[in-house]
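Engineer: One-letter residues, chain by chain:
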Amino acid sequence: MSAIRVAIAQCSPALGAVKRNLEMHRQWIARARDAGARLIVFPELSLTGYYLKDLAADVACAVDDPLLAPLAEASRDLDVSAGFVERSRDAKLHIAQGYWSKGKLVHVHRKVYLPTYGIFDDGRYFGPGDRFETFPSAGGSAGIAICEDLWHVSVPYLYASAGAAIVLCPSASPGRGVAEGGDLGTAESCRLMDRFYAQYLTVYLVYVNRVGHEDGIAFWGGSEVVAPDGTVVARAPEFDEHLLVGEIDPDLVARERARNPLLRDERDDLVLRGLAARLGLPLERRD
Amino acid sequence: MCFAVWPLASAFRSSAVTNTLARTGVIRPDPKDPSPLRIDEVLVRKMVVLFIRDEVAKAGLKRAVVGVSGGIDSALAVALAAEALGPERVLGLFTPYRTSSEESRRHARELAKMFRFRLEEVPITKQIDAYFADNDGDVAGRIRVGNKMARERKSIEYDRSWPDGIVIGTSNKTELLLGYGTQFGDMAAGINPIGDLYKTQVREVALHVGIPPQILRKPPTAELWEGQTDEDELGFTYAEADLILYHMVDRRLSPRELIASGFDEKLVGKIREMVRRSHYKRVMPLIAKLSLRTVGHDFLYPRDWESD
Numbered sequence: 001m002s003a004i005r006v007a008i009a010q011c012s013p014a015l016g017a018v019k020r021n022l023e024m025h026r027q028w029i030a031r032a033r034d035a036g037a038r039l040i041v042f043p044e045l046s047l048t049g050y051y052l053k054d055l056a057a058d059v060a061c062a063v064d065d066p067l068l069a070p071l072a073e074a075s076r077d078l079d080v081s082a083g084f085v086e087r088s089r090d091a092k093l094h095i096a097q098g099y100w101s102k103g104k105l106v107h108v109h110r111k112v113y114l115p116t117y118g119i120f121d122d123g124r125y126f127g128p129g130d131r132f133e134t135f136p137s138a139g140g141s142a143g144i145a146i147c148e149d150l151w152h153v154s155v156p157y158l159y160a161s162a163g164a165a166i167v168l169c170p171s172a173s174p175g176r177g178v179a180e181g182g183d184l185g186t187a188e189s190c191r192l193m194d195r196f197y198a199q200y201l202t203v204y205l206v207y208v209n210r211v212g213h214e215d216g217i218a219f220w221g222g223s224e225v226v227a228p229d230g231t232v233v234a235r236a237p238e239f240d241e242h243l244l245v246g247e248i249d250p251d252l253v254a255r256e257r258a259r260n261p262l263l264r265d266e267r268d269d270l271v272l273r274g275l276a277a278r279l280g281l282p283l284e285r286r287d
Numbered sequence: 001m002c003f004a005v006w007p008l009a010s011a012f013r014s015s016a017v018t019n020t021l022a023r024t025g026v027i028r029p030d031p032k033d034p035s036p037l038r039i040d041e042v043l044v045r046k047m048v049v050l051f052i053r054d055e056v057a058k059a060g061l062k063r064a065v066v067g068v069s070g071g072i073d074s075a076l077a078v079a080l081a082a083e084a085l086g087p088e089r090v091l092g093l094f095t096p097y098r099t100s101s102e103e104s105r106r107h108a109r110e111l112a113k114m115f116r117f118r119l120e121e122v123p124i125t126k127q128i129d130a131y132f133a134d135n136d137g138d139v140a141g142r143i144r145v146g147n148k149m150a151r152e153r154k155s156i157e158y159d160r161s162w163p164d165g166i167v168i169g170t171s172n173k174t175e176l177l178l179g180y181g182t183q184f185g186d187m188a189a190g191i192n193p194i195g196d197l198y199k200t201q202v203r204e205v206a207l208h209v210g211i212p213p214q215i216l217r218k219p220p221t222a223e224l225w226e227g228q229t230d231e232d233e234l235g236f237t238y239a240e241a242d243l244i245l246y247h248m249v250d251r252r253l254s255p256r257e258l259i260a261s262g263f264d265e266k267l268v269g270k271i272r273e274m275v276r277r278s279h280y281k282r283v284m285p286l287i288a289k290l291s292l293r294t295v296g297h298d299f300l301y302p303r304d305w306e307s308d
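Chains A and B, in that order, are what the protein sequence lines are. Using the numbering used here, you'd call the opening residue of the first sequence number 1 and step up by one each time. Using the numbering used here, you'd call the opening residue of the second sequence number 1 and step up by one each time.
Some hints could be false.
What the hints assert, rightly or not - Under 8 Å between C-beta atoms, here's a sample of chain B residues computed to sit facing chain A:
(1) M47
(2) Y158
(3) F299
Rather than coming from a laboratory, the hints here were simulated on the basis of the structure. Just so we're clear, the structure is a prediction, and the values are computed from it rather than from any experiment. Just so you know, even glycine gets a beta-carbon here, dropped at the ideal spot from N, CA and C.
Go ahead and model the full structure; you've got the sequences and the hints to work with.
Structural biologist: Shown next, in the form of structure tokens:
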């Protein structure tokens, strides 16, 4: 597998205006195609906007809803990952991130960790996802961590231990903490996470944040691609819309894992045994 | 009116070590250390300008109307509005009462010249005096006259905002938290760009955007009566209040913890009680819940609800 270009759509979705957002997606996808990208990733809830409140039920759709067909269509020659409100078969609402490839929806991740504190109220309006699954992406095996998912150390760890070379993190991160020092508190925290996960799990971390405002809250942008050696491959400006293009190179993943074989040496069995013992779960050895 | 009673937090710029601790959440409350109030003026200016631009557009409006009193809060709000929308889209209104000072008029005009927005003067003496002459006269008392003035001014701002303008709020975080303002008067607005900045922080940002020193340095006053200053009326300084509010609100310290850290017990109690008693001013009016779905209770749509 050779290196590929990944595009990040650091865009500003309109809140509750799904058709307008679909047209916006079409335009960004065209730009990514022109830039030679094999994959474009949109931020969390890119088709609907983030602070939906009661709008969540109004804009929700099933994974096979014709509304999403334009994304499938657009994915014939480059992969597309975008966010939407999924209404499950049993009518639960989820914050979902789809991955479309060659005209089909091939993977959906439902946000597991729904923050319901401070300026967040996800848990009031949505149900949680219940799994972290890797899938084959344009740049190799990948896992999706939607915003708060990434703040839980176990999430990128589970993906890396399942063989992911890429963690995609579509976000709607509100900027806050304007203390002295020239950067937002949230920006500092996110960059710390991105670099730490990338370097110590030897994966590509693709952080996709949106910009614009919703009800007075600013999303700060600053999307970035961080390589398994900890270098920032590409970083978008803060607060402005930007199509960011970065390269994902599987050879670099291989080289870095040879040099720094943390994943190879990771004792998943000890993690599992420790957790099983603490939770009182039976642990059966599989031969 | 000097820097001694009105200190810049930047004068207390703390060491790199303290900054790092501040950034990582380990804050030590200390009545003598105002450095936690330090903010990044460049970042704040950028965020507020983008906020005004974006939220005015989302409201479907094009212009901004700002009541310009000659004081520092409205000076900062109008300067940032002019930067965000272009000065030609900003209307400043100077609305003097007969007790308003000539200095205020001069300062409002200086701001208009400096930030190139249109300033109009709309006196409110006639209608205020006519109202109180017919109702209660002198027994009304200065608080009622002050409230009436604040609401009259806001009524004019809203009138002049029609049909495509938004009224910009000029209440800072200190006033909002203390309830030191008139409900539906100076507290009313379509959007408020400076409501998350304490008074001392307003001063930092105002200095950065170039508000003239004579406006920065004068003692804050609502000019509700002659010779009034905020700090005399409140009985404490903004510097004291801001630091207590910062630790209590932003850092979630309890009054007990603040007192244990050396803050004055009476002052902490007084400020805590002002915040509690004025909370009704900061929320929408209560609606009696009767039906299956009620505005404000469980009919919860975002304000920036857009259409296709």
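Engineer: Are the hints correct? Go through all of them and say.
Structural biologist: Okay, the hints, checked on the actual structure:
Checking B:M47 against chain A: minimum C-beta separation of about 6 Å stays under 8 Å; hint holds. Evaluation of the B:Y158 hint against chain A yields a violated restraint, the C-beta minimum of about 20 Å exceeding 8 Å. Because the smallest distance between the Cβ of B:F299 and any Cβ of chain A comes to about 7 Å, under 8 Å, the interface hint for this residue holds.
In the structure shown, a violation is registered for the earlier hint numbered 2 alone.
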